[in-house]
Amino acid sequence: MTSSDEASEPLVHIKNFKMDFGDKTVIRDLSFDVRAGETFGFLGSNGSGKTTTLRALLGIHRPTGGVLHIGGRNFEPRDGSRLGYLPEERGLYKKEKVLDVMVYFGRLKGLAKTHARAWSLNYLERVGLTDKAAVRLDKLSSGQQQKIQLGVTIMNNPELLILDEPTKGFDPVNRRLLMDIIEENKEAGATVIMVTHQMEEVERLCDRVILLKDGVSRAYGTVEEVQEQFGGTTYRVAYKGTLPRSRLYDLIHEGNGHAELSPRPGADEATVLEELVRAGVAVRSFTTARVSLDEIFVQVYGEQHEIAEV
Amino acid sequence: MARRTFGQHNLGTVIGFEFTRTIKRRGFVIATLAIPVIIGIVFLLIYVSNSTSAANANAQRNASIRFTYTDASGIIPDQMAALIGGSKAQDPQAALNNVKEGRSEAYFAYPANPAKEPVKVYGIDKGIFENGKYEAVAKQLLERAAQARIDAPQLAAAMSGGVKFESEAFKDGRVSGGIGSVIPPLLFLVIFYISIILLSGQMLNSTLEEKENRVTEMILTTLNPTTLIVGKIVSLFLVGLVQMAVFLTPFALGYAFFRDRVALPNVDFSSLTFDAGRMVVGGLLLLGGFTLFTGTLVAIGAIMPTAKEAGTVFGPLMALIFIPFYAVSLIISDPSALIVQVFTYFPLSAPVTAMLRNGFGTLNPVEAVIVIAELFITGALVLRLAVHFFRYGSIEYGRKLSIAGTFRRRESAGR
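Going down the list, the sequences are from chains A and B.
End of the first sequence = 310 in our numbering, gap-free, step of one.
End of the second sequence = 415 in our numbering, gap-free, step of one.
To be clear, the hints were calculated from the coordinates, so they are not data collected in a lab.
These numbers were taken from a predicted model, which means no experiment stands behind them.
It is possible that part of the hints are untrue.
Stated by the list, open to error - Below, computed lysine to aspartate or glutamate pairings styled on EDC-like, alpha-carbon distance capped at 16 Å:
#1 B:K24 to A:D100
#2 A:K94 to B:D125
#3 A:K95 to B:E212
#4 A:K95 to B:E209
#5 A:K94 to B:E209
#6 A:K186 to A:E201
Work out the full structure: start from the sequences and follow the hints.
Here's what the structure looks like:
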């Protein structure tokens with residue numbers, strides 16, 4: 001793994017990644033890069049291959065084909081002292097005491113015992129679990145265990161932080177705490193790869209994203225680029241009357257006097273509004289908006305849900 | 001920052017963590033301490049019983065019984081019988097009736113030829129242990145009478161079996177150690193059995209724990225799986241040493257301070273012969289066998305999703321270390337027999353068979369080298385397989401691993 005100041009080379013490089021499990025192909029052909037210092041959103045519906053990709057990247061799964069590099073080479077466990085990985089399948093040694101487990105993982109990640117202990121106690125104080133240091137993990141609530149696991153993930157100040165559905169199981173208060181911690185790591189120069197279904201978090205935190213569907217990338221780039229790719233700007237209209245068919249826009253949806261229009265090339269706010277007025281529509285409000293990632297997600301994955309329902 | 005260099009050696013950390021958490025576990029402490037406590041209680045009961053028995057024996061020795069006897073052989077001198085409370089009866093049936101009706105304590109009927117016919121002993125019932133004194137007195141009287149007739153202490157001793165024998169056997173021109181040379185190398189077999197019996201369950205569960213706790217991914221991205229598994233094996237071995245030390249403590253204390261009272265045999269260690277070659281072979285067979293069985297158990301743990309399912313494979317595997325005992329007489333007397341050769345070279349039965357043969361001196365150096373090499377090589381291969389299965393199998397949370405599947409996926413071009 002290279003240091004974060006070597007920004008010219010991507011920290012994570014995945015090229016022509018293919019993954020089969022028996023006869024089933026999970027990833028067909030996936031390529032993307034994650035640059036050092038950026039926060040990268042890894043998006044996709046359940047079963048689209050996100051976790052499989054992360055596991056292959058970290059050497060847990062053997063890929064069927066392709067290149068998966070971190071810092072220019074395959075990941076090895078000895079690089080773990082620079083990695084923070086919060087897996088989707090959460091778990092620690094449940095019958096051990098909180099502090100013992102944290103110190104153990106700290107030592108495995110290269111920290112001295114005293115340092116690991118001091119860091120752990122500070123962290124427990126921050127997340128309100130000071131009194132749980134000597135308590136067995138299985139005596140904690142699910143949310144408290146999540147906090148401990150997050151602490152274990154970040155205790156080595158990782159250069160690369162990989163979080164697979166980090167907010168799963170967190171209440172809104174703890175979700176905010178988690179986001180604060182992610183932002184702190186980001187500000188400290190960490191590269192963050194985040195798998196999540198919380199699209200507002202992606203829009204707020206991520207520099208770039210990739211959307212995975214059926215084992216291939218459906219969209220890849222900055223959040224703005226992806227929004228542009230899936231319709232870019234839309235017009236939200238409140239009206240009375242009947243919306244006419246037009247060559248200037250596509251109707252995304254309408255109902256109860258509200259509609260969302262997607263302008264076609266060459267059309268702008270003025271021409272669309274003029275078209276509506278000319279058609280006798282009583283326009284109450286007319287606002288410009290970007291297509292949200294949430295809508296893009298529904299647009300991309302809704303198709304397969306509809307097919308599944310049929 | 002207090003951070004170590006890359007390629008850090010985490011083996012010590014793993015051993016420390018695994019060892020500490022095992023011996024601190026309440027269940028382990030209770031189970032381990034229960035054995036010496038039970039042994040201590042048994043010793044205490046034996047101590048108390050032996051004290052009572054000794055007092056009873058003294059009382060019996062000093063007590064005398066009144067008895068009548070008839071002597072068709074003519075061996076028993078009347079005066080000798082009278083000295084220990086006997087009086088000669090004229091009518092056997094009347095003497096027997098007197099006993100039955102409680103008028104006489106005992107009646108002994110010595111036949112015409114005691115070498116061919118039994119001496120019949122009748123007495124009033126005084127309980128299982130007390131009743132034994134009738135026969136003891138009858139026997140004592142007959143022996144004393146015989147000795148008096150022979151009138152030669154040496155012949156009397158030879159007749160009564162009170163003669164010591166000292167044997168020496170020679171091998172390669174030197175005195176062979178006999179049973180004293182068999183015991184030391186067989187101690188490795190005892191250690192092997194104890195360690196497998198005590199630790200096999202923990203070995204099986206050691207990697208299942210990562211799987212059942214969903215901690216595999218955290219571990220595999222932090223630690224080389226070989227380091228984890230070797231660390232677990234070493235820590236289990238240390239745990240086994242602690243258990244053995246705890247178990248042996250009451251024996252050591254009992255032997256040192258209460259040997260006579262708790263009926264421990266008075267072992268003469270000077271009679272033991274330590275043959276350097278056989279001891280080295282025994283030690284290597286122990287290490288090789290331990291490695292092979294540990295690797296096998298860890299591999300089973302990595303393949304199976306739960307401890308319950310792993311248990312179905314565990315039983316037959318354990319049977320393999322006991323199977324050689326079905327052929328133990330052949331192993332000792334006819335090492336060239338086909339079944340012995342099969343047991344000697346089949347990896348999972350090899351440790352026990354080879355250690356037995358080594359103990360009894362029937363494992364020649366060539367065979368020893370072959371078996372030791374086989375155990376270490378297969379042990380290393382099985383350990384590698386165990387690491388492989390853990391590496392690619394423990395991520396199969398809740399599912400049984402497809403062994404072929406772990407080998408089918410080819411390495412990518414970039415790897």
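The hints, checked one at a time:
1. B:K24 to A:D100: Holds: K24 (chain B) and D100 (chain A) sit about 12 Å apart, inside 16 Å.
2. A:K94 to B:D125: Given that 16 Å is the threshold and the Cα spacing comes to 66 Å, the pair is violated.
3. A:K95 to B:E212: holds (12 Å)
4. A:K95 to B:E209: holds (10 Å)
5. A:K94 to B:E209: holds (10 Å)
6. A:K186 to A:E201: holds (14 Å)
Of the numbered hints given earlier, the model fails hint 2 alone.
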